[in-house]
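Participant: The chain contents come next:
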Amino acid sequence: MTATYAPARPIWCAGCGHFGVQGAMAHAFAALQIPPHEIVVLAGIGCSGTVQNNLGTYGYHALHGRVLPTAAGVHLANPHLTVVAAGGDGDGYAIGMGHLVHAFRRDLPFVYVVMNNGVYGLTKGQDSPTRHGLSGIGGFDAIDLGLSIPATGFLARGFSRHPAQLQRLMTDAIRYAREAKGFAFIEVLSPCVTYNDTYASWEQAVVDVAHVDDHDPTDRAAAFAVTTGLAAEGKIATGQILLDPDREPRREPVPAAEDLRPAVHASAYAEILDRYRV
Amino acid sequence: MTATGTTRVLTDLDVMVAGQGGDGSLTVANLLGILLGRRGFHLYVARDVASRIKGGHAAALMRGSLVPRGSLGDRIDLLVAFDAEAIEKGGPRLADDGVVIFDASDGPADRQHLPAGARIFEIPFARMAVRDLRRDLFKNSLAFGVAARMLGAPDTEAEEILAQRFSHLRPEVAAANLDALREGFAYADAQGLGEGASPWRLDSADAGDRILISGNEALAFGFLVAGGRFYAGYPITPASEILSWLERRLPQFGGVALQAEDELAAVNLAIGAALAGVRAMTATSGPGLALMQEGISQLGSAEIPVVVVDCQRSGPSTGMPTKPEQSDIGMVVHGGNGDFPRVVLAPGDPTDCFELGVEATNLAHLFQGPVFVLLDQAVSQDSMTVPPFAVDEVEIEPGKVLTAEELAAMGEYRRYAITEDGISPWAVPGTPGGMNLVTGNERNEWGQVSTDPTNRVAMMDKRMRKLETVLPRLPRGRRFGRADAPVGILGIGMQLGVMVEAVELLEADGIAVAGFQPRTLWPLLDETAEFVEARERVYVVEHNAEAQLTHLLASVGIPRERLVPILRYDGIPFRPGELAGRILAEEVGA
Ligand SMILES: Cc1ncc(C[n+]2csc(CCOP(=O)(O)OP(=O)(O)O)c2C)c(N)n1
Ligand code: SF4
Numbered sequence: 000m001t002a003t004y005a006p007a008r009p010i011w012c013a014g015c016g017h018f019g020v021q022g023a024m025a026h027a028f029a030a031l032q033i034p035p036h037e038i039v040v041l042a043g044i045g046c047s048g049t050v051q052n053n054l055g056t057y058g059y060h061a062l063h064g065r066v067l068p069t070a071a072g073v074h075l076a077n078p079h080l081t082v083v084a085a086g087g088d089g090d091g092y093a094i095g096m097g098h099l100v101h102a103f104r105r106d107l108p109f110v111y112v113v114m115n116n117g118v119y120g121l122t123k124g125q126d127s128p129t130r131h132g133l134s135g136i137g138g139f140d141a142i143d144l145g146l147s148i149p150a151t152g153f154l155a156r157g158f159s160r161h162p163a164q165l166q167r168l169m170t171d172a173i174r175y176a177r178e179a180k181g182f183a184f185i186e187v188l189s190p191c192v193t194y195n196d197t198y199a200s201w202e203q204a205v206v207d208v209a210h211v212d213d214h215d216p217t218d219r220a221a222a223f224a225v226t227t228g229l230a231a232e233g234k235i236a237t238g239q240i241l242l243d244p245d246r247e248p249r250r251e252p253v254p255a256a257e258d259l260r261p262a263v264h265a266s267a268y269a270e271i272l273d274r275y276r277v
Numbered sequence: 000m001t002a003t004g005t006t007r008v009l010t011d012l013d014v015m016v017a018g019q020g021g022d023g024s025l026t027v028a029n030l031l032g033i034l035l036g037r038r039g040f041h042l043y044v045a046r047d048v049a050s051r052i053k054g055g056h057a058a059a060l061m062r063g064s065l066v067p068r069g070s071l072g073d074r075i076d077l078l079v080a081f082d083a084e085a086i087e088k089g090g091p092r093l094a095d096d097g098v099v100i101f102d103a104s105d106g107p108a109d110r111q112h113l114p115a116g117a118r119i120f121e122i123p124f125a126r127m128a129v130r131d132l133r134r135d136l137f138k139n140s141l142a143f144g145v146a147a148r149m150l151g152a153p154d155t156e157a158e159e160i161l162a163q164r165f166s167h168l169r170p171e172v173a174a175a176n177l178d179a180l181r182e183g184f185a186y187a188d189a190q191g192l193g194e195g196a197s198p199w200r201l202d203s204a205d206a207g208d209r210i211l212i213s214g215n216e217a218l219a220f221g222f223l224v225a226g227g228r229f230y231a232g233y234p235i236t237p238a239s240e241i242l243s244w245l246e247r248r249l250p251q252f253g254g255v256a257l258q259a260e261d262e263l264a265a266v267n268l269a270i271g272a273a274l275a276g277v278r279a280m281t282a283t284s285g286p287g288l289a290l291m292q293e294g295i296s297q298l299g300s301a302e303i304p305v306v307v308v309d310c311q312r313s314g315p316s317t318g319m320p321t322k323p324e325q326s327d328i329g330m331v332v333h334g335g336n337g338d339f340p341r342v343v344l345a346p347g348d349p350t351d352c353f354e355l356g357v358e359a360t361n362l363a364h365l366f367q368g369p370v371f372v373l374l375d376q377a378v379s380q381d382s383m384t385v386p387p388f389a390v391d392e393v394e395i396e397p398g399k400v401l402t403a404e405e406l407a408a409m410g411e412y413r414r415y416a417i418t419e420d421g422i423s424p425w426a427v428p429g430t431p432g433g434m435n436l437v438t439g440n441e442r443n444e445w446g447q448v449s450t451d452p453t454n455r456v457a458m459m460d461k462r463m464r465k466l467e468t469v470l471p472r473l474p475r476g477r478r479f480g481r482a483d484a485p486v487g488i489l490g491i492g493m494q495l496g497v498m499v500e501a502v503e504l505l506e507a508d509g510i511a512v513a514g515f516q517p518r519t520l521w522p523l524l525d526e527t528a529e530f531v532e533a534r535e536r537v538y539v540v541e542h543n544a545e546a547q548l549t550h551l552l553a554s555v556g557i558p559r560e561r562l563v564p565i566l567r568y569d570g571i572p573f574r575p576g577e578l579a580g581r582i583l584a585e586e587v588g589a
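Here the protein sequences come in this chain order: A and B.
Take 0 as the starting number for the first sequence in numbering that gives the first Met the number 0 and just add one per residue.
Take 0 as the starting number for the second sequence in numbering that gives the first Met the number 0 and just add one per residue.
Hints are supplied without guarantee of correctness; some may be wrong.
[As the list claims (entries may be wrong)] What follows is a list of derived Cβ distance ranges for each label pair:
{"hint": "1", "chain 1": "A", "residue 1": "150", "chain 2": "B", "residue 2": "556", "range": "55 to 61 Å"}
{"hint": "2", "chain 1": "B", "residue 1": "243", "chain 2": "A", "residue 2": "270", "range": "16 to 22 Å"}
{"hint": "3", "chain 1": "A", "residue 1": "228", "chain 2": "B", "residue 2": "315", "range": "49 to 55 Å"}
{"hint": "4", "chain 1": "A", "residue 1": "253", "chain 2": "B", "residue 2": "526", "range": "38 to 44 Å"}
{"hint": "5", "chain 1": "A", "residue 1": "150", "chain 2": "B", "residue 2": "416", "range": "39 to 45 Å"}
{"hint": "6", "chain 1": "B", "residue 1": "205", "chain 2": "A", "residue 2": "253", "range": "43 to 49 Å"}
{"hint": "7", "chain 1": "B", "residue 1": "477", "chain 2": "A", "residue 2": "262", "range": "25 to 31 Å"}
{"hint": "8", "chain 1": "B", "residue 1": "84", "chain 2": "A", "residue 2": "100", "range": "41 to 47 Å"}
It should be emphasised that the hints constitute simulated quantities derived from the structure, not laboratory data.
Bear in mind the structure is a predicted one, so any value in this text is a computation, not a measurement.
Quick reminder that beta carbons are idealized off the backbone N, C-alpha and C, glycines included.
All chains should be built: construct the whole structure from the sequences, respecting the hints.
Facilitator: This is how it looks when you write it as structure tokens:
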């Protein structure tokens with residue numbers, strides 16, 4: 000075996016929610032038995048943006064806010080890879096927000112995990128777009144945004160203090176993307192103990208939609224009614240909020256596997272040249 | 000042009016076709032191009048359009064010459080003017096004995112814009128039958144009839160060309176166009192311009208095998224042949240044709256081309272594809288390149304191979320989107336935060352675009368970093384005839400990409416291993432055993448973030464060494480004119496064709512000039528310094544207000560006092576005679 004880098008020990012503060020996210024990823028990779036060389040974990044910039052160093056897979060540290068287009072590029076170049084993009088809420092909902100809408104819309108089969116802590120951890124405590132909550136004036140709910148875009152098929156929310164649920168969601172998301180069904184989005188409520196400790200308030204607020212009677216993850220309108228209804232009561236919906244059951248696997252080109260030798264394409268190239276002859 | 004008795008034998012002529020209604024209304028330019036092409040003329044074709052979707056004033060400018068030329072000429076010989084604005088714009092450039100074919104539907108032409116010796120055909124299109132033809136098609140076919148008579152082409156040949164050009168149309172439409180052409184002949188007869196009666200005659204020659212192609216198309220083609228299989232871009236003039244060309248072609252070769260939501264996404268999509276080992280490119284113009292700066296710095300720092308194309312247009316900011324300029328030199332050579340190695344290639348014609356497109360694609364992979372290809376609107380969008388590209392000679396150079404076997408034979412693998420040539424072996428995701436960390440942060444050989452000062456210096460030096468490594472293979476410039484002349488002329492991109500011809504004109508005026516077009520703009524090669532050092536003075540021809548190229552040359556120690564910037568920034572390319580005139584004026588003063 001060739002020796003490669005040793006996975007780093009997390010640099011997070013003791014109690015940081017991001018530990019739970021890393022744990023769920025490691026759990027899912029193991030549960031699905033994916034060899035580490037087939038996995039690319041890309042992370043944005045922030046405390047959250049160090050998770051890729053800790054897992055032993057191929058890892059990439061994206062520019063702040065640009066993890067989504069980068070992950071899309073990796074996927075499009077080689078759809079055989081398992082691509083997991085991750086980052087903070089500042090990364091995804093502030094500087095990178097423009098890309099989120101397009102990731103929902105394009106629905107490329109990879110996973111995106113946002114570690115939402117309502118704050119900029121790495122730059123020491125400035126407000127993120129979710130500092131004032133997920134609902135109400137000033138708030139922002141990415142799941143509701145996802146529900147409003149017709150292409151979405153997998154939307155879920157976890158809480159890093161509830162590892163069993165998070166591990167299940169993460170495993171399902173990765174499986175969904177590996178089966179080429181589409182874009183899988185998970186927001187993880189991942190408190191920052193140093194600058195915005197929301198463990199207690201979120202513990203009070205979370206409601207797993209699995210326990211909500213009228214919830215049906217295959218019904219977009221019903222799902223929206225449930226999430227907004229809970230929000231109106233000051234609650235936060237978690238669990239599998241949307242899951243489109245009717246997805247056929249996408250068939251995509253594999254540029255990374257193409258034979259590039261010009262000799263192989265000689266006649267096709269000559270045909271192109273001919274079109275320009277005078 | 001040479002005159003024999005009353006017949007002028009044309010070996011080099013400029014045609015302008017202009018009117019309202021966008022590009023489609025200018026078909027007569029294509030028809031004339033076919034006519035000239037059949038006689039072995041080389042072509043140079045430019046379009047001058049307003050930055051609007053439809054409508055607005057548009058012009059097609061075409062030069063046909065038996066000697067290959069890389070720019071338009073100074074004077075227009077034949078002006079097809081579909082409205083008064085066309086006369087206003089084209090008239091002042093008309094040759095003294097030029098010919099105008101004018102749509103006089105709204106009244107006669109305003110002759111104050113035309114030279115006294117010009118001949119004008121005022122055609123009352125509005126009073127002629129349009130039948131079931133689209134008016135713009137009808138006008139084009141009729142005008143072509145008159146123009147073909149003026150150029151001394153047999154009527155049957157004109158009919159053949161029309162049939163060839165409109166072979167894709169429904170038979171009724173093609174037939175109606177033929178009728179319109181014949182109306183043109185009848186009109187010419189009535190004006191005393193019978194078949195074979197023209198004072199002009201087109202010369203002919205055997206030009207050999209040629210293609211007519213634009214720089215953007217040639218560049219995209221070069222990228223494809225060099226193994227490019229991923230492209231992301233956001234629409235912007237004058238780079239958009241690269242996106243549309245690759246959207247059409249890449250899927251045929253198992254590749255992916257995609258319109259991104261903005262330039263931030265475009266460069267990062269390309270980064271992602273490159274990370275996965277696929278040859279990737281993005282193209283844009285100044286405003287988009289400004290948005291890509293952080294990504295470009297990432298390419299340099301994280302050592303990711305992407306080809307970045309800048310089709311320069313007039314700035315600053317949104318500037319004049321459809322007009323050429325060479326004012327991104329500073330941004331391309333120095334842009335992006337921090338220090339990192341980069342290569343900037345600067346093609347001057349479609350052949351260069353193809354060759355440097357191939358080179359950039361290979362080079363990015365060899366050097367694991369950003370390789371720019373710097374065009375300008377004229378190089379990007381003007382088309383010209385060139386010999387067919389040597390597609391068969393293209394080689395794909397894999398660089399230091401590791402196979403699974405090579406990896407397995409290594410005891411350990413470090414993505415950023417410090418090597419003598421600065422280039423680290425590269426395991427792309429999917430390769431068993433090659434797991435690695437890629438980051439734009441400073442890091443150690445394992446890809447783990449590090450601020451250790453010793454490591455930092457070693458890593459920076461390693462990255463910079465890569466430039467030394469690729470230096471010997473960087474494309475050399477092109478020389479022309481008199482090699483031993485004490486006076487030189489130097490320029491990049493669209494200046495090439497104009498400079499070559501201006502040098503000939505100056506020579507005829509008794510001024511010997513040596514010409515040089517650097518094709519690698521960064522790092523500046525020794526040959527560029529040597530060219531300047533071998534002369535008393537060198538005119539640096541540039542389309543910008545700040546003399547950016549002159550400053551770049553001086554920044555590497557080339558003696559500034561020998562450099563004489565010849566600047567222009569009005570959005571119009573130099574014409575050869577104009578450029579020669581500017582230099583002549585300087586020389587008289589020198
Ligand atoms: C273009 C750019 N702007 C600003 C920064 C500085 N910066 C680094 S991380 C960060 C915010 C991190 O917050 P978040 O994404 O929520 O992640 P967390 O640290 O909370 O996990 C900022 C603003 C940067 N790296 N790049
Ligand atoms: S600052 Fe906050 S987000 Fe960052 S590691 Fe500490 S607890 Fe986690």
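Participant: Failing hints, ascending?
Facilitator: none
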